[in-house]
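Got chain A sorted already, so can you dock chain B onto it with the hints?
Protein chains in written order, with my numbering: chain A, 1 to 148; chain B, 1 to 197.
The hints are simulated quantities; they were obtained by calculation from the structure and are not laboratory data.
Calculated lysine to any residue pairs in the SDA-like style (CA-CA distance at most 25 Å, straight line):
no.: 1; chain 1: A; residue 1: K75; chain 2: B; residue 2: E197
no.: 2; chain 1: A; residue 1: K75; chain 2: B; residue 2: R106
no.: 3; chain 1: A; residue 1: K127; chain 2: B; residue 2: E34
Chain by chain, the residues run as shown.
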Amino acid sequence: MQINRTGIWLIGFFGLLGLAMCLGPPLLDANAETSLIVASTGAIFVLVAAGLGLYARHAKAKAARQDWVFRNGIKGSATILEVGNSHTTVNEMPLMKLQLALEIPGVGRSEVSRREVMPVFTANCMKEGLVLPAYANPEDPSEFILVW
Amino acid sequence: MADLDATYAAFAAARGLEPLPALGLGSLTPLLVESKHGQVAPAARGRLAGEVDGIVGQLAYTRNKTFRFNVALVEVHASTALVPRLFCIRSGRSTRDDEFYGFEARHSKLWTESTALNQRYTISTSPFQDPNWMRQLFSPALVDYLASKPPADFSFELAYGILLGSVEDDDPGADGLTALCEATAHVAARIARECEE
Numbered sequence: 001m002q003i004n005r006t007g008i009w010l011i012g013f014f015g016l017l018g019l020a021m022c023l024g025p026p027l028l029d030a031n032a033e034t035s036l037i038v039a040s041t042g043a044i045f046v047l048v049a050a051g052l053g054l055y056a057r058h059a060k061a062k063a064a065r066q067d068w069v070f071r072n073g074i075k076g077s078a079t080i081l082e083v084g085n086s087h088t089t090v091n092e093m094p095l096m097k098l099q100l101a102l103e104i105p106g107v108g109r110s111e112v113s114r115r116e117v118m119p120v121f122t123a124n125c126m127k128e129g130l131v132l133p134a135y136a137n138p139e140d141p142s143e144f145i146l147v148w
Numbered sequence: 001m002a003d004l005d006a007t008y009a010a011f012a013a014a015r016g017l018e019p020l021p022a023l024g025l026g027s028l029t030p031l032l033v034e035s036k037h038g039q040v041a042p043a044a045r046g047r048l049a050g051e052v053d054g055i056v057g058q059l060a061y062t063r064n065k066t067f068r069f070n071v072a073l074v075e076v077h078a079s080t081a082l083v084p085r086l087f088c089i090r091s092g093r094s095t096r097d098d099e100f101y102g103f104e105a106r107h108s109k110l111w112t113e114s115t116a117l118n119q120r121y122t123i124s125t126s127p128f129q130d131p132n133w134m135r136q137l138f139s140p141a142l143v144d145y146l147a148s149k150p151p152a153d154f155s156f157e158l159a160y161g162i163l164l165g166s167v168e169d170d171d172p173g174a175d176g177l178t179a180l181c182e183a184t185a186h187v188a189a190r191i192a193r194e195c196e197e
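Just chain A, with the same shape it has in the complex (with noise of 0.2 Å):
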């Protein structure tokens, strides 16, 4: 998952009116208990805008390690053993969960199993039998990301 123009400007949006809430009413010398109950409701905005950066960064985080296992990692493939749906989604993408058998050449076959968020045309194809890349952290083997 990666964030897009739309979680920063969310991000902004409830960062920002949070905080004219919890600040505005005490400096606009309102009476402490329409303060309380502005400044209460800003703090929640200011936790969710928190919250949804601390998920962008990781995401962030995750990507680049990704991205370093990809251009470092030694090319195998993955072939999908099953299919199951978890029922849960994301942003109307569903969580696959997928059986794979994983070949690295060098390290051997194993099974092992991922969940991933896809979009629904990538999840419409992922099918028992379809082989796709995978890349492996040499260091690591157990640690691979699937090329879908």
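Chain B in isolation, oriented as in the chain A frame:
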């Protein structure tokens, strides 16, 4: 709709295609996902252009407002192993007006040296796509073709061996359908040739 049906009937008759009232193409590309089961109506099947066979039809769906695309679908099976997904979408095209998600599946924007191509299209692919192969695919000839020849709104999506060319138009007329089919067939032939090499 009567005019559109007549357009497709005339187009199919002129080019020897099999006319079809409706056809479900499946949720095979991002644009087809928008319409339920990728249904196109009306449609026609057969030789689109050159040596390329496929299906042409109108895809309509509603997400707050109704979108109408004329699409041409061609299979390029050999591409799955080399380029699982590649999207070349006309800059500024909108396929939804009710999408407010801040996170999406990872993709990489493809950079090309052609200013004309970059102005006209947004090209994206898998983040783990072989960049050398992409440079070979986007040869100067293909770049020049995409930048100057296809219909103004032409875009294409390649996903797991399915190539979908499209233009947004209520009724493009026989000339518009011909241009769509020829552009899609040209791109399909180019991808297939690069896959063979």
